[in-house]
Amino acid sequence: MWSDWIYWLSVKHPDELMTFLWALLFLDGPRYALSKILMCLWDCGRGVWTWFLGTPRQTSYTCCPSVCLILAGHNEGENISATLQSAWGSYPRLEIIVVDDGSTDAMGEVARRFARDHSGVLVISRPERGGKASATNWALQHTQAEVILVVDSDSHLGPHAIWEMVQPMRDPQVGAVAGSIVPRNPFTNLATWLQAYEYLSTIFVGRMVSARLGILGIVSGACGAFRRTVLDAIKGWDVGPPEDLDLTLAIRKAGHKIAFAPYAECITDVPDTWGALVRQRRRWEEGGVIRNHCRKHLDMACFWSRNFRLGDFILFVETWFFSVFCTYAILAWVIWFCFFQSSWWQVLVTLYLCYLVFEVIQVLATAYYSTNPRRDLLVCAVFPLVPFYQMFQLPIRLLATTEEILFRKSFRDNYVPRKVREATWHW
Amino acid sequence: MSDILWRSAKKDGCGPGAHPHGQASGAPRTERRRVRRDTIRRPLVCMPVLPDGRPDPDGHMIGRTIDWSGGGIRLEFAEDEWRPAHDLMVGVQDPEGTMHFAGVSVRHKDVSPATRIHVGCQFGGVGQELLQADLLSPAFDSESMSFLPRFSEEVLDAWCAAGVLKGYLADRVQVCPRCHGLPSFRPGCRQCGAADVGNDQLIHHYACAHVGVVGDFETPAGLVCPKCRTRHLVINSDFEYLTGPYRCRRCQWSDMELEQVAQCLRCSLRFPAHQAHVQDIRGYHVERLDLLALGEASR
Chain A
741 MWSDWIYWLS
751 VKHPDELMTF
761 LWALLFLDGP
771 RYALSKILMC
781 LWDCGRGVWT
791 WFLGTPRQTS
801 YTCCPSVCLI
811 LAGHNEGENI
821 SATLQSAWGS
831 YPRLEIIVVD
841 DGSTDAMGEV
851 ARRFARDHSG
861 VLVISRPERG
871 GKASATNWAL
881 QHTQAEVILV
891 VDSDSHLGPH
901 AIWEMVQPMR
911 DPQVGAVAGS
921 IVPRNPFTNL
931 ATWLQAYEYL
941 STIFVGRMVS
951 ARLGILGIVS
961 GACGAFRRTV
971 LDAIKGWDVG
981 PPEDLDLTLA
991 IRKAGHKIAF
1001 APYAECITDV
1011 PDTWGALVRQ
1021 RRRWEEGGVI
1031 RNHCRKHLDM
1041 ACFWSRNFRL
1051 GDFILFVETW
1061 FFSVFCTYAI
1071 LAWVIWFCFF
1081 QSSWWQVLVT
1091 LYLCYLVFEV
1101 IQVLATAYYS
1111 TNPRRDLLVC
1121 AVFPLVPFYQ
1131 MFQLPIRLLA
1141 TTEEILFRKS
1151 FRDNYVPRKV
1161 REATWHW
Chain B
-9 MSDILWRSAK
1 KDGCGPGAHP
11 HGQASGAPRT
21 ERRRVRRDTI
31 RRPLVCMPVL
41 PDGRPDPDGH
51 MIGRTIDWSG
61 GGIRLEFAED
71 EWRPAHDLMV
81 GVQDPEGTMH
91 FAGVSVRHKD
101 VSPATRIHVG
111 CQFGGVGQEL
121 LQADLLSPAF
131 DSESMSFLPR
141 FSEEVLDAWC
151 AAGVLKGYLA
161 DRVQVCPRCH
171 GLPSFRPGCR
181 QCGAADVGND
191 QLIHHYACAH
201 VGVVGDFETP
211 AGLVCPKCRT
221 RHLVINSDFE
231 YLTGPYRCRR
241 CQWSDMELEQ
251 VAQCLRCSLR
261 FPAHQAHVQD
271 IRGYHVERLD
281 LLALGEASR
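Just so you know, the protein sequences line up as chains A and B, in that order. Take any residue in the first sequence, count from 1 to its spot, add 740: that is its number in our numbering. Anchor point for the second sequence: position 233 equals 223 in our numbering, and the numbering is continuous, going up by one each time.
In isolation and in its complexed conformation, chain A is listed as follows (with noise of 0.2 Å):
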């Protein structure tokens, strides 16, 4: 088999591999491969001057703003307090203020016996739940701290995470820092091993290149830190989902930059079921592009608008390109290669193992950066799969594209209450 393959190649003219791999090396290849390449030569070579220089590396954090930390949840009574605990003490300016958002559990009760025994917590509570974003702009009216930090009521904070969270904030042009993060269950299955690799691929090093290049388009609602003038000036969150996504876009739309905190550590359980990762996944993708990069925040990409700066220009053609077009350019290609392909399973095993190529490079460009090389290492173990798990979320993404398209979809999903998606416009 191999030496067909082999035969295969070797007899093929460059113009017909074209044919299949174009798309791989002039698009994946410069977005998942080349971009990371020239981001760890280019530290690794900094770090080689700095030390040629003598240059001492700062290892002190040197920014320290009033921190206030918002968990706003619905039913978190189980999770709360090992979030609370994980959080309070960790950053000498910190206030804490958790949202009980119409819970029917203890998850209130829980906090406020926290409360009583920790100084700098306020918990407040409604009866009827409102959704996170008038949660979380609720929590705002009570503090008047320099920087918000949103963080998952069933997420943990790691070690220094706020103050890694705040450094970037010494950039007065920086409005929202977010941060990374790491799933708590990765080995517990194939499924959570896989979302493991992804979320260090795409989020860890995928985001310090978005971030360099000025283009990072999403704070996470999961762990994401906020100045409070910039929050003021576009009056807080708007109603999502996902609310993460539009509120990253309206600082954008501001004129403020997006930083990204790698070490910023925000530890979270990821789903552990193949049903429950597609349910996940299908509604990050019907609220996501279509909703804002496509009709919300169109604006933003329009060069004679006022908002108009090349940087998020070029963020939304990137977003375009490769979350919409692509999705259906896949699926033309895909239909194509069934009906009009002969050598099928060569050119599948050429592409699986230029796919390969990347994945290894995403590997060693994780190894260089991370501070748990054992761990990560380990999770990377998994990279021979991850072209069939992408393959696997092709159509996840491409049925909630067109629904989101068709029919408005995320304006119906149970996320937020019924009463603020009657009365919200639907973009």
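A portion of the hints provided could be inaccurate.
Stated by the list, open to error - Examples of chain A residues lying across from chain B (beta carbon under 8 Å, computed): (1) Leu862; (2) Ala873; (3) Ser874; (4) Trp878; (5) Gln881; (6) Ala885; (7) Trp977; (8) Lys1159; (9) Thr1164.
Just so you know, these hints were derived from the structure itself, not from any lab. Backbone N, C-alpha and C fix where the C-beta goes; we use that ideal spot for every residue, glycine too.
We have chain A; now place chain B onto it with these hints.
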């Protein structure tokens, strides 16, 4: 009871001044005592009380009780043990070894043939005054708005050192840092300490998730969302009310928590409760001499 016995003794011809229980000594001294006396022989320790109420540290005397009545007690000392004094603090040991104290005033002194000094004392004087329960307990003085000791604490501490009194922590109070008066405590504004604080009322507009104070929504044309400019908002259909942070109506300071504010009831100083000084209120306890019980215990 003792009067009946005394009249009975007179009728029996014991003569004026005769002791109802018979004369303790054969001395030809005229008996002045007219009340019943009970014999009690217990070891005692005696300390003279100085005019300022302190114990005389060098005047420690050891002796024995002879007898006692409702109004006084007779003591016996060795001649070289006795030191003249007007007021004494007498401590008598019970069979269990516990010392019980009483204050006495020396009335007269006799020298017995066996070179023993017999001292007749009456209960009272500075020492007994010192042992009054209301003087040993801390009391609140409404004029100075503070807890004041009824007696000088130095004097009471001196008696503690002498082993007569036992000090204990009666209470621990927070007092004004300026005048040490008692304050009142209440929640108040963290900025100015005012009591006039209330919660802001907020509006949550469903359509845009904006949450703001009611005042930001109010316009002459009705409620208008300051974020999305939606007009004619209707309660429960378009928005709901939420409780906001505390706001001081005097200085407009807004905060999520109130601070405990203290105001001194004497000098009216207003200060954060955490700046109050902590003052220990001490009381004193004494084992008082109960001669009836002591007599019963001695039998």
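Outcome of the hint check:
no.: 1; hint: Leu862; result: holds, 5 Å
no.: 2; hint: Ala873; result: holds, 4 Å
no.: 3; hint: Ser874; result: holds, 4 Å
no.: 4; hint: Trp878; result: holds, 5 Å
no.: 5; hint: Gln881; result: holds, 5 Å
no.: 6; hint: Ala885; result: violated, 10 Å
no.: 7; hint: Trp977; result: holds, 6 Å
no.: 8; hint: Lys1159; result: holds, 6 Å
no.: 9; hint: Thr1164; result: holds, 5 Å
Violated hint for the displayed structure: number 6, the only one.
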